[in-house]
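Whenever a hint applies, use it, and build me the whole structure from the sequences.
Chains B and C, in that order, give the protein sequences. To convert, count from 1 in the first sequence and add 160; that's my numbering. To convert, count from 1 in the second sequence and add 160; that's my numbering.
The hints are simulated quantities; they were obtained by calculation from the structure and are not laboratory data. There may be inaccurate statements among the hints.
Same chains, same names: a pair is fine if it fits in one copy or spans any two.
As the list claims (entries may be wrong) - Distance condition first, Cα-Cα at most 25 Å in a straight line; then the derived SDA-like pairs of lysine to any residue:
no. : residue 1 : residue 2
1   : LYS185    : LEU199
2   : LYS424    : ILE272
3   : LYS185    : ARG206
4   : LYS476    : ARG436
5   : LYS424    : SER221
6   : LYS229    : ASP372
7   : LYS166    : TYR464
8   : LYS229    : ALA178
9   : LYS236    : ASP267
10  : LYS424    : ARG459
11  : LYS476    : ASN188
12  : LYS460    : ARG206
13  : LYS476    : GLN445
14  : LYS229    : ALA173
15  : LYS476    : LEU440
16  : LYS185    : MET454
Number of protein chains: 2
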Amino acid sequence: VVEYLKLVEDVLAGTRIAISRMITKVENEHEDAPEAMRLLYPHTGRAHVIGITGPPGAGKSTLTDKLAKEFRRRGKTVGIIAVDPTSPFTGGAILGDRIRMLDLTLDAGVFIRSMGTRGSLGGLSKATANTVKILDAAGMDVIFIETVGVGQSEVDIVKAADTTLVVLVPGLGDDIQAIKAGILEIGDIFNINKADREGVERLNIELETMLDLNLAKPTWRPPIRRTVANDNQGVTELVDTIYEHMTHLHNSGQLATRRTDRTKNEILELLQETIRRHILGVVKQQGNFDALVMQVTERKSDPYSVVQTMLAPIIK
Amino acid sequence: VVEYLKLVEDVLAGTRIAISRMITKVENEHEDAPEAMRLLYPHTGRAHVIGITGPPGAGKSTLTDKLAKEFRRRGKTVGIIAVDPTSPFTGGAILGDRIRMLDLTLDAGVFIRSMGTRGSLGGLSKATANTVKILDAAGMDVIFIETVGVGQSEVDIVKAADTTLVVLVPGLGDDIQAIKAGILEIGDIFNINKADREGVERLNIELETMLDLNLAKPTWRPPIRRTVANDNQGVTELVDTIYEHMTHLHNSGQLATRRTDRTKNEILELLQETIRRHILGVVKQQGNFDALVMQVTERKSDPYSVVQTMLAPIIK
Numbered sequence: 161v162v163e164y165l166k167l168v169e170d171v172l173a174g175t176r177i178a179i180s181r182m183i184t185k186v187e188n189e190h191e192d193a194p195e196a197m198r199l200l201y202p203h204t205g206r207a208h209v210i211g212i213t214g215p216p217g218a219g220k221s222t223l224t225d226k227l228a229k230e231f232r233r234r235g236k237t238v239g240i241i242a243v244d245p246t247s248p249f250t251g252g253a254i255l256g257d258r259i260r261m262l263d264l265t266l267d268a269g270v271f272i273r274s275m276g277t278r279g280s281l282g283g284l285s286k287a288t289a290n291t292v293k294i295l296d297a298a299g300m301d302v303i304f305i306e307t308v309g310v311g312q313s314e315v316d317i318v319k320a321a322d323t324t325l326v327v328l329v330p331g332l333g334d335d336i337q338a339i340k341a342g343i344l345e346i347g348d349i350f351n352i353n354k355a356d357r358e359g360v361e362r363l364n365i366e367l368e369t370m371l372d373l374n375l376a377k378p379t380w381r382p383p384i385r386r387t388v389a390n391d392n393q394g395v396t397e398l399v400d401t402i403y404e405h406m407t408h409l410h411n412s413g414q415l416a417t418r419r420t421d422r423t424k425n426e427i428l429e430l431l432q433e434t435i436r437r438h439i440l441g442v443v444k445q446q447g448n449f450d451a452l453v454m455q456v457t458e459r460k461s462d463p464y465s466v467v468q469t470m471l472a473p474i475i476k
Numbered sequence: 161v162v163e164y165l166k167l168v169e170d171v172l173a174g175t176r177i178a179i180s181r182m183i184t185k186v187e188n189e190h191e192d193a194p195e196a197m198r199l200l201y202p203h204t205g206r207a208h209v210i211g212i213t214g215p216p217g218a219g220k221s222t223l224t225d226k227l228a229k230e231f232r233r234r235g236k237t238v239g240i241i242a243v244d245p246t247s248p249f250t251g252g253a254i255l256g257d258r259i260r261m262l263d264l265t266l267d268a269g270v271f272i273r274s275m276g277t278r279g280s281l282g283g284l285s286k287a288t289a290n291t292v293k294i295l296d297a298a299g300m301d302v303i304f305i306e307t308v309g310v311g312q313s314e315v316d317i318v319k320a321a322d323t324t325l326v327v328l329v330p331g332l333g334d335d336i337q338a339i340k341a342g343i344l345e346i347g348d349i350f351n352i353n354k355a356d357r358e359g360v361e362r363l364n365i366e367l368e369t370m371l372d373l374n375l376a377k378p379t380w381r382p383p384i385r386r387t388v389a390n391d392n393q394g395v396t397e398l399v400d401t402i403y404e405h406m407t408h409l410h411n412s413g414q415l416a417t418r419r420t421d422r423t424k425n426e427i428l429e430l431l432q433e434t435i436r437r438h439i440l441g442v443v444k445q446q447g448n449f450d451a452l453v454m455q456v457t458e459r460k461s462d463p464y465s466v467v468q469t470m471l472a473p474i475i476k
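Following this line, the structure appears as structure tokens:
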């Protein structure tokens, strides 16, 4: 018990090794994790969380690193969570191996963590959300969640963000069009990276057209910015735009609304997870699960009838 | 009540309009859906389910269509489920709009259905699994699940397949390498499509190397095949390989093992879902959920404590 209390204390003091260990605890679903997170919770809600998503090859890592440096220049501490949901088996090794900008990793005001799916996808978005809270409680002013790819998994992950930045790149094929349709609704800011490439004007027009059709966000028209992250072009302006969005969220009351919605989902998910654990315990105790599975496999019963039988003794 | 009994009867008779309506019922989580699925369940387990996944641009749709035609030529009825998890908001409209081979859609022995995420991703893999069961009960011999993209979502979706075909294409960039690492473990057969392109030998060597490193499947070394789906090249041979894998699954007892595992997961997921519904009902009844959320948002409480309070009156 003393061990995790000390850990929580050290996280709140911003100790790097404690932050790392706490994240590993939530990733591994250590038994102390819920209680430790409960103690960190009152110290959260201060950081601004920025989600960065977009197709592979858009240069998200480089852009995130440059944005981080710009926020550092403006005196902010920065956390970076690099999430790779395409890799359910390697546990994020691909991203983990990727070498971030050296001067960034040496900066005491920056904390970088790579995450892959260990087990379920639900597990990944939960671990990401908890990592955001840990970095928030540790005093990071700005937290980036950078995702690889643009599937539903990424959409779920960036739900933890206050500002979502969608990074696109000129000259990708037709499949990217399909992807764009899926992420259009979640983008607060669109950024065309590698904007020195051919096709930038066409992509800009396409985006504007798509945004014209989108009536869901009347109070904030997502601006379209351009960067060449490799040469640090447009990065300052993009950070200015992020600040504008922050200000808009505060002034319009949307930050409060978004965070209340997030809390609601968080409680419902925790509710579900707690019950899931309880049920798995009871299923083990009942001891006849394999026999029931066999009955269903042999079509002597069906999943619906089996579930009713199993639940009767558990739920009031 | 009479309405869904008639529907189940018509699905079992293979009536196309009934199949469509039944799929819509499970997609929309209609209140009759669980009972209707319960009645269909004893008639499932006969079809061979083939998952097709791979990066965007690999030509999965065309390949699926050609494979379907080849199975038709061999006297099999075919179901095709085209899943697009990248599109959480459009409800699969992109795929729905895609025009499949006209002679295939006119064939009474073929049933094609496009699906996108309506609501949660978990919802999509559940709806896909249920659609497989509906097509199975309706008498389809072979059912294809074709997914767009290669994220964790697709991995979850192809879990419903007996044989998983991973489609790759020569000459894609470095990001694809990362994707390949994630789907290597789920591939029973690898197919290099557009094999008339440059880079096919290199991709073949890379795949062989990766398969050499994979020690998880000792009884079946995933073969690597080549097709040019547009010209129907290699399709017959690929179908032969699928038959070889089917035979291997039967003879090795792996089909039974895989299906038992799937039934297990299915029951556990249904258990969870049933409880989730029950809980949401109770939460509504308790009526103080919004007040509890507000306490958490204001950091006067935390999600962990709130969940304990809420669960006490529900669980025995």
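Evaluated hints:
1. LYS185 / LEU199: For LYS185 and LEU199, only the intra-copy Cα distance (14 Å) is at most 25 Å; the inter-copy one is 44 Å.
2. LYS424 / ILE272: neither (28 Å within a copy, 38 Å between copies)
3. LYS185 / ARG206: within (22 Å within a copy, 44 Å between copies)
4. LYS476 / ARG436: both (16 Å within a copy, 14 Å between copies)
5. LYS424 / SER221: neither (31 Å within a copy, 39 Å between copies)
6. LYS229 / ASP372: Cα proximity of LYS229 and ASP372: none, with 33 Å in one copy and 41 Å across.
7. LYS166 / TYR464: between (47 Å within a copy, 20 Å between copies)
8. LYS229 / ALA178: Result: close within a single copy only, 24 Å intra versus 59 Å inter.
9. LYS236 / ASP267: within (12 Å within a copy, 63 Å between copies)
10. LYS424 / ARG459: between (40 Å within a copy, 13 Å between copies)
11. LYS476 / ASN188: For LYS476 and ASN188, the Cα distance exceeds 25 Å both inside one copy (31 Å) and across copies (28 Å).
12. LYS460 / ARG206: Between copies only: 15 Å across chains, 55 Å inside a chain, cut-off 25 Å.
13. LYS476 / GLN445: both (18 Å within a copy, 14 Å between copies)
14. LYS229 / ALA173: within (23 Å within a copy, 64 Å between copies)
15. LYS476 / LEU440: Result: close both inside a copy and across copies, 17 Å intra and 14 Å inter.
16. LYS185 / MET454: neither (36 Å within a copy, 28 Å between copies)
Checked against the numbered hints above, the structure breaks hints 2, 5, 6, 11 and 16 and satisfies the rest.
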